[in-house]
Amino acid sequence: MSALPERVSGSWPAFFRIRPTGIRLSPVLPLLGIAAALLLWWLATAEALHPESILAQFAPDACFDALQRLIRTGEIVPHMAASLWRVLLSLLFALLAGIPLGLLVGMSRAVERATGPLFQFIRMISPISWMPLAVMVFGIGDAPVYFLLTIAAVWPIMLNVSSGVHAVDPRWLTLARSLCATRRETVMRIVVPAVVAHILTGIRLAIGIVWIVLVPAEMLGVSEGLGYFILDTRDRLAYSELMAAILVIGVIGYLLDLAARLLIRQWSHRREN
Amino acid sequence: MYKENLLTGFTHDQTFPSSDRPTERPLLQAKRLSKEYLSKNRTLRVFEDIDLEVRPHEVVCLLGASGCGKSSLLTALAGLNPASGGQILFDGKPLNKPDARLSLVFQDPCLLPWLNVRQNTAFALTLSGGPKLTRHEIQAQTDTALQWVGLQSFAHVYPDQLSGGMAQRVSLARALVRSPEILLMDEPFSALDAITRLSMQELLLGLIARRRNAVVLVTHDIDEALMLGDRILLMGGAPGRIVREWKISLAQPRGQRLHELVETRMAILEALAQVAGGHLLPDGRVI
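Chains as they are written, first to last, in the numbering used here: chain A, 81 to 353; chain B, 1006 to 1292.
Just so you know, these hints were derived from the structure itself, not from any lab. You may find that some hints are simply not true.
Claimed, not checked - Some chain B residues judged to face chain A by a derived CB distance under 7 Å, without partners named:
| hint | residue |
| --- | --- |
| 1 | Leu1085 |
| 2 | Pro1099 |
| 3 | Pro1103 |
| 4 | Leu1109 |
| 5 | Cys1115 |
| 6 | Trp1119 |
| 7 | Ala1129 |
| 8 | Leu1132 |
| 9 | Ala1145 |
To be verified - The calculated label-pair distances, taken between Cβ atoms and stated as ranges, are:
| hint | chain 1 | residue 1 | chain 2 | residue 2 | range |
| --- | --- | --- | --- | --- | --- |
| 10 | B | Ser1168 | A | Ser106 | 35 to 41 Å |
| 11 | B | Arg1047 | A | Val267 | 30 to 36 Å |
| 12 | B | Ser1133 | A | Asp312 | 41 to 47 Å |
As the list claims (entries may be wrong) - Here chain B is said to cover these stretches of chain A; the calculated rule only asks that three of the stretch's residues, wherever they fall, bring their Cβ under 8 Å from a Cβ of chain B:
| hint | stretch |
| --- | --- |
| 13 | 254-262 |
| 14 | 269-277 |
Backbone N, C-alpha and C define an ideal beta-carbon position, used for all residues, glycine too.
Produce the complete structure using the sequences and hints provided.
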């Protein structure tokens, strides 16, 4: 007989533990969480509870009405497309800069030591704080937005790649040497494939950061994008549309993260399939 | 996980003579070879005064306890780990870096997990170090190498789906695919179970008989050395030196006739007891 107690996970008193009896609750739990959030939202803004208040414009029913109208008329679609295009392009720039930089830092101890403190210093500066500088250097328009998004995305990619290079099995490098591989072949045929999982993780982290930085970045004098649309709805006092835009931003962010997770999973299971 | 296929496809009806070719020019030579490492401001000498010759088609087994420097010697012979003193000659010319005519087989199969069996086997052929081959030639050579090790039907399988023995076969195919003149093997079967090890030894014997490669095999298993070697070199001491040498004249295959080598086995055990001391296990293996 085992000396261990049968249940070791429950340090909480039995009173607080949720024990689904007979029903599999796990698939329903996320929906329950969303329903609870909707309820709280409604309680905080419902016209019935807050009569003659501006809060009613932020209520779920007003928000969903506005969202339906925005989608039906196609008014929000160009803003969504502009934002997604900016994210995509910035991720591409960040990959083009972050992967070679990460490989260089990971493979050269001298470069790593020379750049380590500098990169950690720059990484800790919020991308938003570059905004005035970006406008001064790049002017008003898309360019400063791309700059801000790229600088936000490059660090997770670069750091993940360099840590991936450190994790490359040294036996693979010895194998490459024993097979007379050139330095370029060792990098392209051994190191790069070995760090693909780290690159994908970096992309997932970068997507999260870029999507968060996107909205304030799009408030920099552009005429399209979800960040611009938020400012526009505020200026037009269209608060139900503002809430609809916030909802759209959340949903797209969630879907982007889901896509990145699926990409990582697909890559991990590719060999087994 | 696929199970190890013990039928290697080789029948050992052909015998080939053991090394007795004093007049043949050595393929690989080490002259007064030594190796030192600098560790915490101390010089650590791994091996010294190694004089070694490997002739074409000869199987030389380097036997010794762990830490006697036999793996370091093998990597030095492979051109991966430059020696501190002495000289290595391959085909009469100094060897200072890896050469495509020498192939190294590691203790661990060391397969690249993102490549399947065929791609792992063909890896060496796709590098610029070797001769320029067309895609068709690469495919043909890879198929032949996979056939030698009996894995042609597993070409599209990935390393994480292979058993230990099958993975080691792929590593053997990868080493053989460039038709090297010498195979340098660093305890390639030590991580395998006894039955798989025997099957791999038979496979290697079949390949040597067919391919006529010279082999330098590092092992700590006396029976493996007796089964495979034309010559057995015993390394011992600190720093490591070659202390004894035995020539095995019994023709291959020896699987059913190892009892005829009992006296040699006893002599090796006695010599090992002198140089390995506490490292000697009751079954004759050394740690």
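Do the hints match the structure? See the list:
no. : hint                             : in the structure
1   : Leu1085                          : holds (6 Å)
2   : Pro1099                          : violated (16 Å)
3   : Pro1103                          : holds (5 Å)
4   : Leu1109                          : holds (4 Å)
5   : Cys1115                          : holds (5 Å)
6   : Trp1119                          : holds (5 Å)
7   : Ala1129                          : holds (5 Å)
8   : Leu1132                          : holds (5 Å)
9   : Ala1145                          : violated (19 Å)
10  : Ser1168/B x Ser106/A: 35 to 41 Å : holds (36 Å)
11  : Arg1047/B x Val267/A: 30 to 36 Å : holds (35 Å)
12  : Ser1133/B x Asp312/A: 41 to 47 Å : violated (57 Å)
13  : 254-262                          : holds (count 8)
14  : 269-277                          : holds (count 5)
This entry does not satisfy hints 2, 9, 12, going by the numbered hints stated previously.
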